[in-house]
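Chains as they are written, first to last, in this note's numbering: chain A, 1 to 207; chain B, 1001 to 1478.
In short, the hints are calculated from the structure, not lab data.
Be careful, since some hints might not be right.
[Unchecked claim] If you want a taste of the chain A side facing chain B, the calculated C-beta under 7 Å gives, among others:
{"#": "1", "residue": "His-11"}
{"#": "2", "residue": "Met-14"}
{"#": "3", "residue": "Gly-17"}
{"#": "4", "residue": "Thr-174"}
Note that the coordinates shown come from a computational prediction; the quantities given were computed from them, not determined experimentally.
By construction, the Cβ of each residue, glycine as well, lies at the ideal position given by its N, Cα and C atoms.
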Amino acid sequence: MRLKIVIADDHPMMLAGIARALEESPDIEVVGTTTSGSRVLPLVSRNRPDIALLDLHMPGRDGIECLKLIRERHPEVKCVMLSASQDPDDIESAFAAGASAYIVKRVQPTDIASALRQVFEGTVFHPMDVATAPATDRCSEIGLTAREKTVLEGVARGLSTKAISSELWVTEQTVKFHLGNIYRKLGVANRAGALRYAFDNRLVDVA
Amino acid sequence: MRAATGRLDTSAAAPATTGGVIDVLDECVRAALAARPVVDDVVARARRRAAAAHAAAATEPEATRLAAAAFVSEVFNGVWLEVPWQLGDATALAQELASASGLGLVTLGLETLSHPGLLQLPPEVAVRTHLGILAAFAPAQQVAFWSIDGRGRVECALRLGGSRLVAGGRAFVEDVLAAPPAVSAVRGVLVAAPVLRWQQPHAVVLVQARRGHEATCAALVERAALMLAPLLERQDILVGGARAEHVLGEATERRLTRLGLDLHDGPLQTVAAVAQEVDQLKRRFAGLVPDERPRALALGWLADLESRLEALEEELRSYSSSLGSPLVLRHPLPAALEEALERFRRRSSMRVHMATSGSLDGLTQSQQIAILRVVTEGLANAAAHSGAGEVRVSVSGKPTHIVTTVFDDGVGFNMERTLVRAASAGRLGLLGMDERIRLLGGTFTIRSREGGPTELSATLPRWEPTMNFKNPHEPQKF
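Sequences and hints are given; from them, build the entire structure.
So this is what it looks like as C-alpha cells:
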C-alpha cells in the first residue's frame, strides 16, 4: 500500500521538486498539489491523503491555519510542516498546533520520503532535524562533505591547489573555496593546520 | 522669603551713584532669596552687567536707569530656574526692586522679559519662565499661554494665577487668532498678544489685568509675545526635523524588515529548490554515465555546485535574520523580550535575568525591533563566544529615552580585532546593530576586553520632542 501525500507550497519550483523527489519512491504517491492555502482543505477532503505536507507561509491561508482545519475535520490525516524558516517560534507554533514533524527547506538534501514514512509509522522523530544518513566516518562526523574530504586527501598527498584542480577538472578557485570551508570546519587557519588536524585525527589515511 | 528693608530715597532730585543703587538692589535680592551660592554668582554677574550698562550711558540719570534695569534683569533670569518660587514671592520681589530703583514695574519687566538668556532655554522651559516673569511684573491676576495643537485645536497650555480659566478667555483668544492685532488687544480686563511666526498667529499670551492696569499689562504682554516667537519657531524646526528623521527611520526599518521576509520567502526557497534539482541530477548521473572516471568527475562537479548553494544559503539566512525580527511584529515588546529570554533559557545553561523599569509604551515598531535585536544579539554573542555563567538584561524606559543593556560575565574579547574580523567576513551581527540604532537617532556601545566582562548598551531617544506642559488647570507653582 502506497503512502498518499498532498503537498501545499506556494513556491512552484519547490513544489515541483518535492513532488518529483517523492514520486521516485515506489511506496509514495502524490495525490494532490496546490500553491494556495485556501485550496488545501478541499484537496484533502477529496483525496483523503495519509499525510499533508504543508508550507508554513502561503497566500490565502497559511500553513498553521490549514493544519488546524485538517486536524479538526480530518484528524486521521497527519500534517508535516515544511518551511525555509528556522525560527524557533515558528517551529514551536507548528508543534503546538498539532504538526507531526517540521522540515526545514535546506540546500543539504533532506530525505523527505524517509521523514514521511517515519511520521506515518509514528516512530520517534526529532522535531528539528530530519533523519539523515548517520555519519559513516570521522570526516562526516566533523561535517566535511565528500567533496571536501577529497580535497583534503589531495592536500595530504602533497598536491598543490593547482594540482588538485587539475585532478578534479575544476578551477583553482573552486579548490580554494573548498579549502576555506575545510579550514573553517576544522577550526584551523591554513593548509599546514588542516594537515596536522587531518593526521592527528585520522581523517585521511597516512600512506 | 524675608522682606527686604533697604529703600532708595527717590524723593530727592539728585541722582544716586550706580554703586548706591546697585547696593540697595543687591541688599533687596539677598534678603529675599536667602543665602544660596547661586545667588552670589548671579549677583556678581548682575553687577558686571550693571557696570557695563552704566558705562555705556550718555547721562548719569540714564546710566542709573540702565544699570538698575540690567541688574534686575540679570538677577531674575539668573536665579529663576534655581529658586522654588511661589507666585507671591516673585511678585513681591519685583515690586520691591521697582520701588527701590524708582524705575517701575513696566521698565523692569520689559528689560527682564528681553533678556537674551531666555532665548537659549529649551522651548518649554522658556515659555514657563516668560510667563513666570510676566506674572511677577504684570499687575495681573492671571497669565496664560494658549497654543494651537497638532490637530488645530486651541488649548490653554499653561496658566499661572487664579483657580480657573478666566471667563471669556477662550473666546477672546480665538478672536485674536482669527484676526491678530498689530501688537495687542484689550477686552475688558483681558489683554492678549499674538505670538507670530512668519506673520501668522501660532499662540496667544493672555493676561487678566487688575482693573485700571490694562495698559501696563499690554506693554508687558506684547514684549513676552515678541520674545516667544523665535522660541516657538525653533520648537517647530526641532519637531519637524525630528519627525522627518523619524519617518525616514521608520520607512527604512519597514523596508529592511520586508527585505528580510522577502529573502526568506523568495531567494532562500529558490536556492533550496535548485539544490533539490542538483541532488536529483546526481542520482540520475549514476545511471546515465556508466564509466567510473567520467561519472566521478561529473558527480564531483555537482558536489561543488551544492557547496556553492549551501554557502549562498548561509549568506542569505544571515542577511534575512539580521534584517527583520518577526517576533516583535506579533507581540508587544515586553512579551517579546520575555519570549526571547525563555527560548534562550531552554537552550542554554547560562543564568539569565531581566529587569525592566519605567514605561515601554509609545515606542515605534522600529524602536521595539531595535531593542529586541540588541537583547537577542547580546544573548547570542554570550552563548556563542563568552563562556559566561550569567547574563543580565536591563531595559529601562526613562522620560526622554530608553536604555537597553546586556551584560555577561564571560571571557570578553578584543573589540577592535573582533569587529574588524566580523566586518571583513560580512557578518552583520553587532555592526548591524550599531547601524540600526544610529538610524533611530540613538547610540550603541560595546564594552569588552579580553578576560571579560562584556556589556552591550543602546540608548534610543523617545522621538517626540513636543512641549508637554502639566495640567494647566492645576494651581501652578513656578
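Earlier hints that do not hold, by number: No numbers; nothing is violated.
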